[in-house]
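Q: Protein chains in written order, with the numbering used here: chain A, 1 to 155; chain B, 1 to 230.
Just so you know, these hints were derived from the structure itself, not from any lab.
Idealized CB from N, CA, C, for every residue including glycine.
Careful, some of the hints might be misleading.
What the hints assert, rightly or not - If you want the footprint, here are the derived chain A segments under chain B, 3+ residues with CB under 8 Å: (1) 5 to 14; (2) 24 to 34; (3) 54 to 64; (4) 89 to 96; (5) 109 to 120; (6) 135 to 148.
Said to hold, decoys possible - Selected chain B positions facing chain A (in silico; Cβ < 8 Å): (7) GLY18; (8) LEU49; (9) VAL181.
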Amino acid sequence: MYDAEAPRLYGMALRITRQPSLADDAVHDAFLQVWQRADRFDPRRGTAEAWLTGLVRYRAIDLVRKRVREVIDDSVPEEADPAPGALDAMLATAAGEALHRCLSALEERQREVIVLAFVDGKTHAELADQLAAPLGTVKSWIRRGLMALKACLDS
Amino acid sequence: MTEPDEDIEMLAAEYVLGTLDAAAAADLAARARTDPAVQAAIAAWEERLTPLSRVGGPVTPPDMVWRRVARSAGLVRPFVQQPGLLARVWRNVVVWRCAAGVGFAAAAVLAGVFWAGGPRSAGPVAALVPAGSSAAAYVAEVRPDGRLLLVALRPVPVAAGKDLELWALPAGATKPVPLGVLPGEGRSVAPVRVPAEGTQLMISLEPAGGSPTGAPTGPVLYAGVLGNGG
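Chain B with its partners taken away, still in its complex shape:
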């Protein structure tokens, strides 16, 4: 089915405007998947009309929406429930996808846009990954008040009689600073200030209650470096 350019242009414009009926819209969406010209026409119209999305005025979504997204995306519920937390987790998940090399370019671009667009500057973030794997187990974020937020992306089982302990190794330092034992299922906010940029975060397996020596005694299971996400 070949149509003159102006017809494709008009169909794409009305598709983006939302005035095509459901059948015609589904048709065009299907064609866009195989026809780069249709795809490009739609993308160009999305670009042209997107500023209109501000006209209705912003409305803060209920935190429940983010909880649902996190649940659907297979993330565990975070340890601390508070408004906006899941949004930050989500933002970190974008970083996590970067770290995992999944959709790298797209995720990097998204992260860049979202960071650049935020009225509040987001703190450095880290994805903590197990040795030999690319799938993050935790994401960490330095919050505006300087505290470190750590969230597990999936349940991390710990053997009886053992605990996981979080450590920070600032850039250039040789001795890790203990940040505390992770509670229960390993999700925690460490109420401490850490030098942010370039600091390596580590989670080691320790005897119950944490390292008796003030330095890691067990294997480091997860590690990542705080950076600015781009």
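With the rest of the complex left out, here is chain A:
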């Protein structure tokens, strides 16, 4: 688990929180939940990987949004846009390949907001700010993008 799961989860938490101490907390809290609530995991609903990913992400997002943004540590540099080719990291798995294909089929703006929201944990307002677009437009990109993704993935 450590070899395969923890670096992925920790890297993800660090990217969202941008602070090692918050990433530590997110991973710690999530694994403690696994320990205390393993019985809540239902393999019929989904994979353990997705369940664990959710636990870490929700905790990381929760922690970072409770913090005032000013205290954010500069030790993890803010990355502008997802680097070209960054999405290729998904190609490691079959599910990732499908998502990669379906994301590639989206309009550029739709893909961009979805990736930034998931990978960096951005809110609607932060996305609007970063992309210099009206809030309503950003929300609409996200919704249309998500619906198109679902149609593509489920087909």
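Guided by the hints, dock chain B onto chain A, whose structure is given.
A: Positioned in the frame of chain A, the structure of chain B alone reads:
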């Protein structure tokens, strides 16, 4: 509060994406606990989007994180401190939960996933439990170099003038092989190679310094069989 399916679908998607505000997210999480349709919609979106968790790239967490998890989960600190050890302990704890029958299905599935997903094959593991109990006191793992790692899950008190000694009984054998006396609080790495699969591990109570005869002389307090954890 009834909403059309597409609204639930959209709420679940944005919940998983992380773009719902805190109040709406808490609301939906609460509904998911009682509404299987909401729960299923969220789980499906988690499944769809999880591959994106690889995009930021892996970062190895500091070992301190695992120490904290182990401490919070009520595990004692292991005898040997080294990077990654606690992660292995944790993995073994999943096995322990299987052995203890707690969250059996979930733990078995988790263990299967984690083992299958690891780039290095994990060695056989055993949960050593006291007679008449289901709560493991030790977990043991055969490491890639063939050495046996034994970690206490809680403090094991030993009377003055006594020691705990670890034994291996390979499948089909009739005479246990002594692996050494457990130090101090009973946490140890036995620097020996043991036939792994199917070997029974035992911890017996012996006079200080270990069995004088080369075979267990006191009661076997804890025992477990090495297996592949699934």
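Q: Indicate, hint by hint, whether the structure satisfies it.
A: Here's how the hints hold up against the structure:
1. 5 to 14: holds (count 9)
2. 24 to 34: holds (count 6)
3. 54 to 64: holds (count 5)
4. 89 to 96: holds (count 6)
5. 109 to 120: holds (count 5)
6. 135 to 148: holds (count 4)
7. GLY18: Hint on GLY18 (chain B): holds, closest Cβ of chain A at ~5 Å, below 8 Å.
8. LEU49: holds (6 Å)
9. VAL181: violated (29 Å)
Violated hint: 9 only; the structure is consistent with all others.
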